[in-house]
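Build out the structure end to end from the sequences listed, making use of the hints.
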Amino acid sequence: MTGKDIERDNGRHGGDNTMRDKPTPYSKRDEAAVSKPPDTLRGEEERSTPLTEIATGLKRREFLQRTALAGGGLIFGQRLLTDGGTTRLDQVLAVVPQAASEKVAVRLRVNGSNYGLRLDPRVSLLDLLREQLDLPGTKKGCNHGQCGACTVLVNGRRINSCLALAVVHDGSEITTIEGLTRGDELHPLQAAFIRHEGFQCGYCTSGQICSAVAMLGEVEQGTVSHVTSNVRREGRVELTDEEIRERMSGNICRCGAYPGIVAAVREVNGTGRGA
Amino acid sequence: MEQEEERDLEMKPFAYTRATNSQTAVQAVMREQTAKFLAGGTNLIDLMKENVEQPDRLVDINRLELTRIEERNGGLRLGALAKNSDTANHRLVRERYPLVSQAILAGASPQLRNAATNGGNLMQRTRCYYFYDVALPCNKRQPGSGCGALEGFNRMHAIFGASQQCIATHPSDFCVALAALDAVVQVEGPQGARTIPFADFHRLPGDTPQIDTNLKRDELITAIDLPAASSVFAPRSYYLKVRDRASYAFALVSVATALEVQDGTIKQARVAMGGVAHKPWRAREAELALSGARVNEQTFKRAADAAMQGARGYEHNRFKIELGRRAIVRALTVAAREGRTA
Numbered sequence: 006m007t008g009k010d011i012e013r014d015n016g017r018h019g020g021d022n023t024m025r026d027k028p029t030p031y032s033k034r035d036e037a038a039v040s041k042p043p044d045t046l047r048g049e050e051e052r053s054t055p056l057t058e059i060a061t062g063l064k065r066r067e068f069l070q071r072t073a074l075a076g077g078g079l080i081f082g083q084r085l086l087t088d089g090g091t092t093r094l095d096q097v098l099a100v101v102p103q104a105a106s107e108k109v110a111v112r113l114r115v116n117g118s119n120y121g122l123r124l125d126p127r128v129s130l131l132d133l134l135r136e137q138l139d140l141p142g143t144k145k146g147c148n149h150g151q152c153g154a155c156t157v158l159v160n161g162r163r164i165n166s167c168l169a170l171a172v173v174h175d176g177s178e179i180t181t182i183e184g185l186t187r188g189d190e191l192h193p194l195q196a197a198f199i200r201h202e203g204f205q206c207g208y209c210t211s212g213q214i215c216s217a218v219a220m221l222g223e224v225e226q227g228t229v230s231h232v233t234s235n236v237r238r239e240g241r242v243e244l245t246d247e248e249i250r251e252r253m254s255g256n257i258c259r260c261g262a263y264p265g266i267v268a269a270v271r272e273v274n275g276t277g278r279g280a
Numbered sequence: 156m157e158q159e160e161e162r163d164l165e166m167k168p169f170a171y172t173r174a175t176n177s178q179t180a181v182q183a184v185m186r187e188q189t190a191k192f193l194a195g196g197t198n199l200i201d202l203m204k205e206n207v208e209q210p211d212r213l214v215d216i217n218r219l220e221l222t223r224i225e226e227r228n229g230g231l232r233l234g235a236l237a238k239n240s241d242t243a244n245h246r247l248v249r250e251r252y253p254l255v256s257q258a259i260l261a262g263a264s265p266q267l268r269n270a271a272t273n274g275g276n277l278m279q280r281t282r283c284y285y286f287y288d289v290a291l292p293c294n295k296r297q298p299g300s301g302c303g304a305l306e307g308f309n310r311m312h313a314i315f316g317a318s319q320q321c322i323a324t325h326p327s328d329f330c331v332a333l334a335a336l337d338a339v340v341q342v343e344g345p346q347g348a349r350t351i352p353f354a355d356f357h358r359l360p361g362d363t364p365q366i367d368t369n370l371k372r373d374e375l376i377t378a379i380d381l382p383a384a385s386s387v388f389a390p391r392s393y394y395l396k397v398r399d400r401a402s403y404a405f406a407l408v409s410v411a412t413a414l415e416v417q418d419g420t421i422k423q424a425r426v427a428m429g430g431v432a433h434k435p436w437r438a439r440e441a442e443l444a445l446s447g448a449r450v451n452e453q454t455f456k457r458a459a460d461a462a463m464q465g466a467r468g469y470e471h472n473r474f475k476i477e478l479g480r481r482a483i484v485r486a487l488t489v490a491a492r493e494g495r496t497a
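Just so you know, the sequences run in chain order A and B.
To convert a position in the first sequence, counted from 1, into my numbering, add 5.
To convert a position in the second sequence, counted from 1, into my numbering, add 155.
Rather than coming from a laboratory, the hints here were simulated on the basis of the structure.
We put the beta carbon where it would ideally sit given N, CA and C, even for glycine.
A hint or two may mislead.
[Claimed, not checked] What the simulated footprint calls covered on chain B by chain A, stretch by stretch (three residues with Cβ under 8 Å from a Cβ of chain A suffice, anywhere in the stretch; the number is not a length):
(1) 166-180
(2) 195-204
(3) 248-261
(4) 266-276
(5) 344-352
[To be verified] Here are the computed distance ranges between Cβ atoms for each label pair:
(6) B/Q209 to A/A110: 23 to 29 Å
(7) B/N451 to A/N235: 19 to 25 Å
(8) B/D399 to A/C260: 19 to 25 Å
(9) A/A110 to B/E220: 18 to 24 Å
Structure, rendered in structure tokens:
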């Protein structure tokens, strides 16, 4: 994490040229509610730092100095980035808040980084990623589980993040489109989508690619689909174009780039590098 | 600013409780009249975004240990919190109850099936447009407000068992297979555990269309049992779903068929339909017509005619009567060919 993230959080969103459909709705409100997981953050220096100051006015050099003092934990905006992914997340808390919309402590590992948050239980995983964690690669399409643009991987499985309450996934490991690259190297499916022009406007693309990554894993596990001729037969189903279309049917592309999408998935399936 | 935030969050505020065992979950829902269980959330969260459902508390049951699929009394017990995708792909479900796998895989999308649970599938609510739109009348959503569908656009609506109050359909595919295979629902409530035969689980609308099932508000589904006797249909069963597009759409009409055949004669048969009634519709007249008859097209047509007797169409859905007849013949034909489409 660098100072660039602070700038992004202050409203200069340069990296993502697609729609940012709404202003960040939770940030101001949640500043006061940031939690500090005791086993991931240490250092009085950091605890005494007003979060509003960090979110609004801290100079980059000053910020870096402070975070260097904080023993590896960084705070930016209303959230915590802690230890680069080494903390175990299998500790499950029983949470019984009494009042409506009382905030709930949530820990998530997103693209390899651990976050400790306090969230209004109404916040969807999609809105959390986009509005609070600066990960706008996941797109909000229909927001009702009908288009697949918001597809992310939760513990390796693809789901619609728009219909998932973030609090429910406490302790989970999330992978978004931003987490598929290794450094500057694209995931084989990302590269194949470019090669085969598996998109036009690009709005559904991150959902398509996340979905395809999980789908190729499902095929390796021997899953069947609606078009599999005999569900009683065991073993790996041959991934025909018909199978690809059915298994990718949770992702709608209004530009109709389906031939390119099928070609990209077919190619990566052949190489065995998808999942 | 506060108001803007509220709008963006869409839903009415609610309290959140994460339950650690089924007893505390049941107690939490029992205590508060407007509390609801939350499992996969693929339907409930959507309805909350539309303000159709407005619980004051969600009791999250996802940490309960109800995810197993295991053999029991020669049949299979499907945990209420097993995901639809895991259930459809479970080795024993595929082998002994392929109709269940086919039905689940015909519904929703891979992403939704990864989130949706077996118990939640039974509890999902109708996709009637009048139910979903809070600006329109709907006796199911708001008792006494009228039925918009009765005289309105009713293409997807019921042709069996409807009332003057409600002509909505149950949207599940999974439940159609469960109805055909005589599944049993295991539930736990404040007074302890009980079982509900699948045929008695969902209700017809009558004068109380706001009540979808015979499950009490504070009862929790813990499992769904597939009886040993129904595995006899494994070699010859088929789920046919007819819809507006090839995938990822609700059924206009669906048919679950299962046959036990000996020397070209049908020993016993199961036929259930989806997309035609307020509950998964078991076509017992068709089953009677099939029982003891030879496997041939005449038999299947006779059964289809028997099934569709008593069907009543409305302005936009009369096509479902002939569609249902043909779908039954076709599904039986495929089932008789050992579930193979070609």
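Item to check | Hint check for A/N235 and B/N451 - Cβ pair distance inside 19 to 25 Å | outcome: The hint (19 to 25 Å, Cβ to Cβ) holds, given that B/N451 and A/N235 are roughly 24 Å apart.
Checklist entry - Under a C-beta cut-off of less than 8 Å, do 3 or more residues of the segment 266-276 of chain B approach chain A closely enough to confirm the stated coverage? => result Coverage by chain A holds for the segment 266-276 of chain B (4 residues, Cβ < 8 Å).
Next on the checklist: For the hint 23 to 29 Å, verify it against the beta carbon of B/Q209 and that of A/A110.
Outcome noted: Given range 23 to 29 Å: holds, Cβ gap about 25 Å.
Checklist entry - Measuring from beta carbon to beta carbon, are A/A110 and B/E220 in 18 to 24 Å? => result Holds, at about 23 Å.
Item to check | Within 8 Å of chain A's CB atoms, at least three CB atoms from the segment 248-261 of chain B: coverage verdict | outcome: holds (count 7)
Item to check | chain A over the segment 195-204 of chain B, status - at least 3 residues with CB closer than 8 Å | outcome: holds (count 5)
Checklist entry - Within the segment 166-180 of chain B, is the number of residues with a Cβ closer than 8 Å to a Cβ of chain A three or more? => result Result for this restraint: holds, n = 8.
Item to check | Stated coverage of the segment 344-352 of chain B by chain A [criterion: 3+ residues, CB within 8 Å] | outcome: Check failed, 0 qualifying residues.
Next on the checklist: Can you tell me whether the CB distance of B/D399 to A/C260 sits inside 19 to 25 Å?
Outcome noted: holds, 21 Å
Checked against the numbered hints given earlier, the structure breaks only hint 5 and satisfies all the rest.
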